[in-house]
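Top to bottom, those sequences are chains B and A.
So that you can map any letter, position 107 of the first sequence is 107 in my numbering, and since no number is skipped, the others follow by simple counting.
With the second sequence counted from 1, adding 337 to any position gets you my numbering.
Because the hints were derived from the structure by calculation, they are not lab data.
The reader is advised that the hints may include incorrect statements.
Said to hold, decoys possible - Computed beta-carbon distance windows for the label pairs:
#1 B:D208 x A:S418: 31 to 41 angstroms
#2 A:F516 x B:N323: 28 to 38 angstroms
#3 B:Q80 x A:N539: 41 to 51 angstroms
#4 A:S494 x B:V322: 55 to 65 angstroms
#5 B:G279 x A:S486: 31 to 41 angstroms
#6 A:V343 x B:T277: 52 to 62 angstroms
#7 A:P487 x B:T285: 52 to 62 angstroms
#8 B:G256 x A:K560: 36 to 46 angstroms
#9 A:D566 x B:E210: 48 to 58 angstroms
What the hints assert, rightly or not - A short, non-exhaustive set of chain B residues, derived as facing chain A with CB atoms under 7 angstroms:
#10 F248
#11 D249
#12 T254
#13 F257
#14 N318
#15 C320
This structure is a prediction, so every number in the text was calculated from the model and none was measured.
Beta carbons are placed, not taken as given, at the ideal position from N, Cα and C, and that holds for glycine.
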Amino acid sequence: MSAMLLNKEKWPEFVKMLAGKKVLAPQADGDAMRFAAVAEGEAPALDYNNTRVPPKGALFPQTETMLKFQSGSEQVEEPQLDQETVVLGLRPCDARAMAIVEKLFKWDIDDPYFVRRRDLTTLVGLACIEPGMNCFCSSVGGGPASTEGLDMLMVDLGENYLLEAFTEKGEALLAETKDLLEEAGDVQLKEKEKVVGDAEQKIKRKVDTEGVPEGLPGLWEDPLWQKVSASCLGCGTCTYLCPTCHCFDIQDETEGFDARRCRMWDSCMFDEYTMHTSGHNPRPTRRERTRNRINHKYGYYVDKFDVIACVGCGRCTNLCPVNIDIIETIRQVKEAL
Amino acid sequence: MSSVNVLLPQQATILDITEETPDIKTLRVVGKEGLPFDFMPGQCAMLSIPPVGEAIFSITSSPTCRECLEFSIKDVGKVSSALHSVVPGQQIGIRGPYGNGFPVDEMKGKDLLFIGGGIGLAPLRSLIGYCFAHREDYGKIDIVYGARSPADLIRKSEVQESWAEEPNTDVHLTVDAEFPGWDKNVGFVPTYVSDLGFKPENKIAITCGPPIMIKFVLQALEKLNFTPDQVITTLEMRMKCGVGKCGRCNLGPVYVCKDGPVFTLEELNALPAEY
Chain B
1 MSAMLLNKEK
11 WPEFVKMLAG
21 KKVLAPQADG
31 DAMRFAAVAE
41 GEAPALDYNN
51 TRVPPKGALF
61 PQTETMLKFQ
71 SGSEQVEEPQ
81 LDQETVVLGL
91 RPCDARAMAI
101 VEKLFKWDID
111 DPYFVRRRDL
121 TTLVGLACIE
131 PGMNCFCSSV
141 GGGPASTEGL
151 DMLMVDLGEN
161 YLLEAFTEKG
171 EALLAETKDL
181 LEEAGDVQLK
191 EKEKVVGDAE
201 QKIKRKVDTE
211 GVPEGLPGLW
221 EDPLWQKVSA
231 SCLGCGTCTY
241 LCPTCHCFDI
251 QDETEGFDAR
261 RCRMWDSCMF
271 DEYTMHTSGH
281 NPRPTRRERT
291 RNRINHKYGY
301 YVDKFDVIAC
311 VGCGRCTNLC
321 PVNIDIIETI
331 RQVKEAL
Chain A
338 MSSVNVLLPQ
348 QATILDITEE
358 TPDIKTLRVV
368 GKEGLPFDFM
378 PGQCAMLSIP
388 PVGEAIFSIT
398 SSPTCRECLE
408 FSIKDVGKVS
418 SALHSVVPGQ
428 QIGIRGPYGN
438 GFPVDEMKGK
448 DLLFIGGGIG
458 LAPLRSLIGY
468 CFAHREDYGK
478 IDIVYGARSP
488 ADLIRKSEVQ
498 ESWAEEPNTD
508 VHLTVDAEFP
518 GWDKNVGFVP
528 TYVSDLGFKP
538 ENKIAITCGP
548 PIMIKFVLQA
558 LEKLNFTPDQ
568 VITTLEMRMK
578 CGVGKCGRCN
588 LGPVYVCKDG
598 PVFTLEELNA
608 LPAEY
């Protein structure tokens, strides 16, 4: 592992040195921040809390073209995926989410798109200094400077960023930009520990998951599911904005003579998600769909991959239109155990 | 892109089409060189017609048929409707096979009781054909098959003639209500199973049909003292990828497209009943 320092004044140059790759960084989009491609010569400042939409789209785009074809022709064309990409400044929770989702996308059979994109992508994280009001990463296995899923982590030390590389791709990025960097010393590493420790102290919300994965099956018929889903509108915001939600639909779309098969984010909170063509629906109401969502994240995923599929980013709680709070839901699960 | 993209279909050709019932057709499909892939009874495949879309269907032919794959398809949705309008020679997309298939080895030496309802005969037919092709491996075969009306029974001549003539095999047909000219049983499949009073000794029951039929067949078998490990069913689920990624076909922690669609009742009893 190498640790280097980048003076913030050199940040624009650092970003410029990545020219040739697609660079994604958080940028203002209306009243929210969103990961978007950095225009040539630009170097967006990384002064943000977190993006509204997680950067999962870098590896799992909201809509991915699988095939292109033309009406009336049997010729199909497969899009090439060869764009090297750097995601700059994603939060450790979102990077952890990518590592968690990768377990599924690499389970049994590799998902061709996710795995290819991950190979082409370097994930450069930015440690959190000011956690959001509904952040609870430290309760679910993460932390403000968690490195899981990251190729490199940046820590804001005031005048400088501390850059630590954990993978070959991270090391390669340090090598590419070495003219701008200085070796970091013990002083900076200690400074990092303080900054990260302070950030951990600022995480106000906690969730106690002990016994939850094992206990969930016993709560299958518990009235709590009715209670926690009573106000749910089934809008799907919680799942679209969840960095670990990875469900997708596959559809053919036509525009004039051009058509494509694509896959797009889907949501287990929609009734059509599981509805059979006959109209029979194994999860007919929001009660069953909410129960599945919580069981999937805090039960099934633990069963299968030994990790909770929630990274505590707080987005589902922040943005739920009817204020359903996942921490409160898990608290009620705990209470019912 | 990586060398083999498991989510992309290969080209297949429609050989011919049989109209089974007013809303069910059987398509015979061949790949570029014979079968598009090898498979086991009970496995499924994704069929697609661009730019309409893709949907999953069980393979109804037996793997011992080396000529083509057969799919019995009910005209109920967007893709199935498009598949009802194909003509011989037309190209479609196919990928698979998906799922675990029936435990043909564990079933060896047993008597077999097949219970099918409507289009639910489709996956059973693959296994029935397989068992007939390996007749010496299996004991007595009983086939209970029902539909709403005589016109809704699929593979009629095969069921009533070929199957009924197989050695040590009985075929029991039923329809939901009286129809002119119908001289076989009248009544729902689960009731008929109870009435026939099958004995569970050394027998495996394999059932597929509409969810409501499966539910009552399982109850009927329980009353006949079949134990959960003697009962096998194959589930239908909405599926998009077929490879355990898209998320929607889960029964608790298992994916029906990977760990299913074939389950023993013993396995199902350990999973949430969300099917």
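Status of the hints after comparison with the structure:
no. : hint                                : verdict
1   : B:D208 x A:S418: 31 to 41 angstroms : violated (51 angstroms)
2   : A:F516 x B:N323: 28 to 38 angstroms : violated (57 angstroms)
3   : B:Q80 x A:N539: 41 to 51 angstroms  : violated (57 angstroms)
4   : A:S494 x B:V322: 55 to 65 angstroms : holds (58 angstroms)
5   : B:G279 x A:S486: 31 to 41 angstroms : violated (20 angstroms)
6   : A:V343 x B:T277: 52 to 62 angstroms : violated (24 angstroms)
7   : A:P487 x B:T285: 52 to 62 angstroms : violated (37 angstroms)
8   : B:G256 x A:K560: 36 to 46 angstroms : violated (59 angstroms)
9   : A:D566 x B:E210: 48 to 58 angstroms : violated (35 angstroms)
10  : F248                                : holds (5 angstroms)
11  : D249                                : holds (6 angstroms)
12  : T254                                : holds (5 angstroms)
13  : F257                                : violated (10 angstroms)
14  : N318                                : violated (23 angstroms)
15  : C320                                : violated (20 angstroms)
Hint check: violations occur at hints 1, 2, 3, 5, 6, 7, 8, 9, 13, 14, 15; the rest are consistent with the structure.
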